[in-house]
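Asker: Put together the whole structure using the sequences plus the hints.
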Amino acid sequence: KFDSPDSLQAPYFIDDRAQPKGLAPVIDHEASGLAVADPSLVYGRHGFNSSPSKLAVAPESWAEFAGQVFVAEWGDLAPNTNPLRDQPEGYQVVRINPETGLAEPFVYNIAAGPASRQEARLAGIERPIDVKFGPDGAMYIVDYGIANVNPARAAEGQVPYEFPPETGAVWRVFQTDGDAAGLGQEGGGIATSISIGAAVAETRRWATLGR
Numbered sequence: 001k002f003d004s005p006d007s008l009q010a011p012y013f014i015d016d017r018a019q020p021k022g023l024a025p026v027i028d029h030e031a032s033g034l035a036v037a038d039p040s041l042v043y044g045r046h047g048f049n050s051s052p053s054k055l056a057v058a059p060e061s062w063a064e065f066a067g068q069v070f071v072a073e074w075g076d077l078a079p080n081t082n083p084l085r086d087q088p089e090g091y092q093v094v095r096i097n098p099e100t101g102l103a104e105p106f107v108y109n110i111a112a113g114p115a116s117r118q119e120a121r122l123a124g125i126e127r128p129i130d131v132k133f134g135p136d137g138a139m140y141i142v143d144y145g146i147a148n149v150n151p152a153r154a155a156e157g158q159v160p161y162e163f164p165p166e167t168g169a170v171w172r173v174f175q176t177d178g179d180a181a182g183l184g185q186e187g188g189g190i191a192t193s194i195s196i197g198a199a200v201a202e203t204r205r206w207a208t209l210g211r
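So the sequence shown is numbered by my numbering: it starts at 1 and just counts up by one.
In silico EDC-like links for lysine to aspartate or glutamate, alpha-carbon gap of 20 Å or less:
no. : residue 1 : residue 2
1   : Lys132    : Glu104
2   : Lys54     : Asp130
3   : Lys54     : Glu104
4   : Lys132    : Glu60
5   : Lys54     : Glu89
6   : Lys132    : Glu64
Per label pair, the in silico range of CB-to-CB distance:
no. : residue 1 : residue 2 : range
7   : Thr100    : Glu166    : 34 to 42 Å
8   : Arg121    : Val159    : 15 to 23 Å
9   : Thr81     : Arg121    : 21 to 29 Å
10  : Ala66     : Tyr161    : 34 to 42 Å
11  : Ile110    : Pro164    : 18 to 26 Å
12  : Ala31     : Thr100    : 30 to 38 Å
13  : Arg17     : Ser61     : 56 to 64 Å
14  : Val159    : Arg45     : 25 to 33 Å
15  : Pro151    : Arg121    : 17 to 25 Å
Since the hints were made in silico from the structure, they are not lab data. In this text, a Cβ means the ideal position worked out from N, Cα and C, and glycines have one as well.
Answerer: What follows is the structure, encoded as structure tokens:
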């Protein structure tokens, strides 16, 4: 249950012979006497390299979603963390139903990955890092902003990442009064790169509170 996909594991060889892929436990439970971890205790499974961050439990006012867990997925840092990754992972807020344990996308960009990589800089989700529910019943999402990988910086003695200033945001997800939901930002702009999970497309909308 905790194994990563074979496609994301680097090949290794012994005596020029390729070895089977698979992750072995770090702890020798037999030698240590420690109990083996129970996979059933895992509340929800996230995509490999998705970087789950902070979470919040939906209040009663969220009706059918009350009691479900919403988790910010900060996103991968490929190729530094995984040079084999060819598709983005994370960059969204997922919800986990305790009855199923499945992590389903709830707030995400129409195309996978951060908005800045799809010609929608500052118009969509970048790297959500925290989720909270306010006294007004709305969901507030702290968006860290743009974080780019630049391996060339390492040759200059710098960290191989770039963090452009003034790219973060606080997003607010709230219920509309009408039958149709809109995707918007404070001030009337339309955030066309934002999408809402199909299950809530008619009851929730987006607005940004600040950058």
